[in-house]
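Student: Single-letter residue listing:
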Amino acid sequence: MQKRSDDRLVAYLDGELEMAERREVEAWLEADPAARETLAGLAESANLLRAAFDEAMHEPVPDRLIAAARGDTAGAQNLAQILPFTPHWRDAGRAGAWRRWASLPIAASLVGLLLGGGAGYWGLGKLWAGGETKQPAIETTAANNVWLDNAAGYFKLYVSAGDNALVDVPASGDTTQALQKISQSLPHEVRLPDLKPWGLDFRGARLVVVEGRPAAQLVYTTDNKAIGPLTLTIGSSKQSDIAPTFDHRQDVNLLYWRHQGRAYALVGQTDIGYLWGIANDVAWQLDAI
Amino acid sequence: MSVRQNLAGSPLRLVAGDGSVSNQFSDQLIAVLPRLRRFARGLTGAAAEADDLVQAACERALARKHQFEEGTRFDSWMFRIVQTIWIDQIRARDVRKEDAEVPEERLGSDEPVRRVEARLALEEVRRAVGLLPPDQRTALLLVTVDGLSYKQAAEIAGVPVGTIMSRLARARIALQAQLAAGSGVRRSRKDAKAQ
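If you read the sequences in order, they're chains A and B.
Each residue of the first sequence is one higher than the one before, starting from 95 at the first, in our numbering.
Each residue of the second sequence is one higher than the one before, starting from 270 at the first, in our numbering.
The following block holds chain A by itself, in its conformation from the complex (with noise of 0.2 Å):
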């Protein structure tokens, strides 16, 4: 009869009890003050029991892991050969610019942000170039390849599952509070960056690791196929910070940089102008610049 008390207090501490049973164990605890003690004392050893094997859940996975995953038994520890974007207008000009985006088919809201919102634009956009005199055309940089291909692979999986599409925080109800509880699971708290003007609906958010570290990927939806869906990936990283850089991988775009210990990649099917463009706008607005 112990026995079973035991299995019945135990289920009821782990949520798997039907209300009646519920209720039994409930009225039996009122009775009785011993089991009281012991299904506070099960509380108690749970807690140090999942304390002591959290740390597996903090550590870098070990790359042969992550190697391992992929299928590259021989380690793939390689770096990345990443062309950075240098967009033409930065060496043409403003003027040349503005012939760029003038040909692009932008919507009016679009319009409405190069208008309203054109001196961050254009203060970003020269930061960034200003920040970097001379780029070599092509250069070795330190980002990783599994850091961007998981970017990448986590932008095709919410593509694929379609309508099924799983997100961790949905667009509707307390996104805040929500988005507080991804960012108890990282290093820095994460914010959102309001992408309206682009017509880029919010649509969730969800933790995901990459490079065996947790992240945030924030998902962005449009009706307007040349813009959306985009993702947001936002890691953390102990690299050096460097400018936004373009890669394509996997068949999608991704504009990629870091700022100050995190790691940002915007990724989508869109084309580089826009990305540079939303790119300009999140790291004005989350001051990763």
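Please keep in mind that the hints were generated in silico from the structure rather than gathered at the bench.
Check each hint, because a few of them may be wrong.
Output of the computed footprint for chain A on chain B, the stretches with three or more beta carbons under 8 Å from beta carbons of chain A [unchecked claim]: (1) 325-335; (2) 345-356; (3) 403-415; (4) 439-450.
Computed from a predicted structure; not experimentally measured.
Cβ atoms here follow ideal geometry from the backbone N, Cα and C, with glycine treated the same way.
Assemble chain B onto chain A, guided by the hints.
Tutor: What follows is chain B alone, placed relative to chain A:
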């Protein structure tokens, strides 16, 4: 259920004939790696051995990915692979995990006493888990540590839900007894030092 569990518990949708299938599979696998490592560490009691186990599980999963049933939980499938390999290993070796003693030199370190005590308490918990029979240890790690339901744990272990329930209760009671005994030992150790 935690956010992390939600993610890795997503049903995996395979797209036949698409080159992205392999990437999607690997992405899902990478997403669940931290949980697999935690599970494996609880089973084996040693970090390096746990990573070897997870690596073997990844290799087996990739080799048998055609056996994964679309629409079922990917994390459960992976937990089952880890558990199966581990059971095979302990059967093949026919060894029992040795009782891992707390290294005495740590007791004399410069760490603040409270932190040392907290760390020792957690080490004691890990050691107590290592003393449990394999089936109880598995149930405990899947349900109490990873937060899976009894039904999911039963599917992974290949036993009825009632069996998981009783294994879990035995494990939890045994763990409490071990911890109570351990803290008694620790107290008497401290008393002895104080004298």
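Student: In terms of beta carbon proximity below 8 Å, does the region 403-415 of chain B have 3 or more residues touching chain A?
Tutor: It holds, with 5 qualifying residues against the three required.
Student: Would you say the region 325-335 of chain B counts as covered by chain A, given the rule of at least 3 residues with C-beta under 8 Å?
Tutor: Coverage by chain A holds here, the residue count being 3 at a Cβ distance below 8 Å.
Student: Closer than 8 Å Cβ to Cβ for three or more residues is the test here. Does the region 345-356 of chain B pass it with chain A?
Tutor: Coverage by chain A is violated here, the residue count being 0 at a Cβ distance below 8 Å.
Student: Do three or more residues of the region 439-450 of chain B come closer than 8 Å to chain A, measuring C-beta to C-beta?
Tutor: Answer holds; 6 residues pass the 8 Å Cβ test.
Of the hints listed earlier, the one the structure fails to meet is number 2.
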